[in-house]
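A.B. asks: In case you want the letters, here they are:
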Amino acid sequence: DAGITQSPRYKITETGRQVTLMCHQTWSHSYMFWYRQDLGHGLRLIYYSAAADITDKGEVPDGYVVSRSKTENFPLTLESATRSQTSVYFCASNFPEAFFGQGTRLTVV
Amino acid sequence: GENVEQHPSTLSVQEGDSAVIKCTYSDSASNYFPWYKQELGKRPQLIIDIRSNVGEKKDQRIAVTLNKTAKHFSLHITETQPEDSAVYFCAASRGGGSNYKLTFGKGTLLTVNP
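Protein chains in written order, with my numbering: chain D, 1 to 109; chain P, 1001 to 1114.
Bear in mind the hints are in silico, worked out from the structure with no lab data behind them. Among the hints, a few may not be true.
Said to hold, decoys possible - If we take Cβ atoms under 8 Å as the criterion, some of the chain P residues that face chain D in the derived model are: (1) P1034; (2) K1037; (3) A1063; (4) Y1100; (5) L1102.
Claimed, not checked - Calculated cross-link-like contacts (lysine-lysine; reagent style DSS-like; alpha-carbon spacing at most 27 Å): (6) D/K57 with P/K1057; (7) P/K1071 with D/K57; (8) P/K1022 with P/K1071; (9) D/K70 with P/K1058; (10) P/K1106 with P/K1022; (11) P/K1037 with P/K1057; (12) P/K1022 with P/K1037; (13) P/K1058 with D/K57; (14) P/K1106 with D/K11; (15) P/K1068 with P/K1058; (16) P/K1037 with P/K1068; (17) P/K1068 with P/K1057; (18) P/K1042 with D/K11; (19) P/K1042 with P/K1068; (20) D/K70 with D/K11; (21) P/K1022 with P/K1058; (22) D/K11 with P/K1037; (23) P/K1106 with P/K1057.
As the list claims (entries may be wrong) - So these bits of chain D aren't anywhere near chain P, every CB distance computed over 12 Å: (24) I4; (25) T26; (26) T71; (27) P75; (28) L78.
Where a beta carbon is used, it is the ideal one built from N, C-alpha and C, also for glycine.
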């Protein structure tokens, strides 16, 4: 199916574990983004990418790592998950008109 | 960097009334201003946008106005319906070059009461 998809949709992990959230788009958009959404904070940018092998830090990058070896994929890795990283994560592609994935609800216990 | 302030944080209206959500931005170089609607449990979706060379844009019951001098822009929804109930986000961007990110406001929860 064409579009932008995230996996998994829901994830529960333990503090200290590494977890990777996947994002895949079929439009061949150059730009891709990762946001986290928390009540009272809206959408905050974690990392973004203009093309394969080009990434930049956003507003809240600490504790996260990204890679972009292929245009269509933009995985987000939490190196050592903390409770403060419990959130809903959205991937988006295209700029300036951004299209969002369906989100991943991550709970760190 | 860019800072976007959005007001109010919650808004309750009666069906058929109008709703207005306002945003201010800090970066005078910003030139692209989208609005996203997010229904409960769903992804944000673009509903309307405006660029800095335009003062107003309409699409059926929704409209966006931009005042570059004052650095603020607003979303207007007329004849509100229960399905308009959602969280609305404004955003701002320079729209290109080395700065290709959107900065979002914190959102407005709109409730339309039947």
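A.B. asks: Next step is simple, just say for each hint if it's right about the structure.
C.D. replies: Taking the hints in turn, this is what the structure says about them:
1. Satisfaction of the interface hint for P/P1034 is found here, the shortest Cβ-Cβ separation to chain D being roughly 7 Å, below the 8 Å cut-off.
2. Checking P/K1037 against chain D: minimum C-beta separation of about 11 Å lies over 8 Å; hint violated.
3. For the restraint placing P/A1063 at the interface with chain D, the shortest Cβ-Cβ distance is roughly 18 Å, beyond the 8 Å limit, so the hint is violated.
4. The closest approach between the C-beta of P/Y1100 and any C-beta of chain D is roughly 5 Å, which is under the 8 Å cut-off, so the hint is satisfied.
5. Hint status for P/L1102 relative to chain D: holds, with the closest Cβ pair at about 6 Å, below 8 Å.
6. Taking the CA atoms of D/K57 and P/K1057, the gap is about 33 Å. The hint is violated against a cut of 27 Å.
7. A distance of roughly 26 Å separates the Cα atoms of P/K1071 and D/K57; the hinted pair therefore holds under the 27 Å criterion.
8. For the proposed pair P/K1022 and P/K1071, the alpha carbon gap of about 11 Å is at most 27 Å, so the pair holds.
9. Between D/K70 and P/K1058, the direct Cα distance comes to roughly 38 Å. Violation of the 27 Å bound is thereby established for this hinted pair.
10. For the hint linking P/K1106 to P/K1022, the alpha-carbon distance of about 12 Å falls within 27 Å, and the restraint holds.
11. Distance check on the hinted pair: P/K1037 and P/K1057 sit about 17 Å apart at the alpha-carbon level, within 27 Å; holds.
12. Annotation: proposed proximity of P/K1022 to P/K1037 holds, straight-line Cα distance about 14 Å (limit 27 Å).
13. For a cut-off of 27 Å, the pair hint linking P/K1058 to D/K57 is broken: about 35 Å separates their Cα positions.
14. Between the alpha carbons of P/K1106 and D/K11 the distance comes to roughly 25 Å, so the proposed pair stays at or under 27 Å and holds.
15. A threshold of 27 Å between alpha carbons decides the hint, and for P/K1068 with P/K1058 the separation of about 18 Å falls inside it, so the pair holds.
16. With a CA separation close to 23 Å, the supplied pair P/K1037 and P/K1068 stays within the 27 Å bound.
17. With a C-alpha separation of about 14 Å, the suggested pairing of P/K1068 with P/K1057 holds against the 27 Å cut-off.
18. Taken as a hint, the P/K1042 and D/K11 pair is honoured in the structure, with Cα atoms around 17 Å apart against an allowance of 27 Å.
19. With a CA separation close to 32 Å, the supplied pair P/K1042 and P/K1068 exceeds the 27 Å bound.
20. Among the hinted pairs, D/K70 with D/K11 is consistent with the structure: their alpha-carbon atoms are about 24 Å apart, no more than 27 Å.
21. At most 27 Å may separate the alpha-carbon atoms for a hinted pair to count; P/K1022 and P/K1058 meet this at roughly 16 Å.
22. As the CA atoms of D/K11 and P/K1037 are separated by approximately 25 Å, the hinted pair is consistent with the 27 Å bound.
23. A distance of roughly 23 Å separates the Cα atoms of P/K1106 and P/K1057; the hinted pair therefore holds under the 27 Å criterion.
24. Non-interface call for D/I4 relative to chain P: violated, since the shortest CB-CB distance, roughly 9 Å, does not exceed 12 Å.
25. Annotated as non-interface, D/T26 keeps its C-beta farther than 12 Å from every C-beta of chain P; the closest such distance is 16 Å.
26. Every beta carbon of chain P lies more than 12 Å from that of D/T71, the smallest distance being close to 15 Å; the non-interface claim holds.
27. Consistency note on D/P75: stated as away from chain P, and its beta-carbon is indeed over 12 Å from all of that chain's, at 18 Å minimum.
28. Every CB of chain P is more than 12 Å from the CB of D/L78 (nearest about 21 Å), matching its label as outside the interface.
Checked against the numbered hints above, the structure breaks hints 2, 3, 6, 9, 13, 19 and 24 and satisfies the rest.
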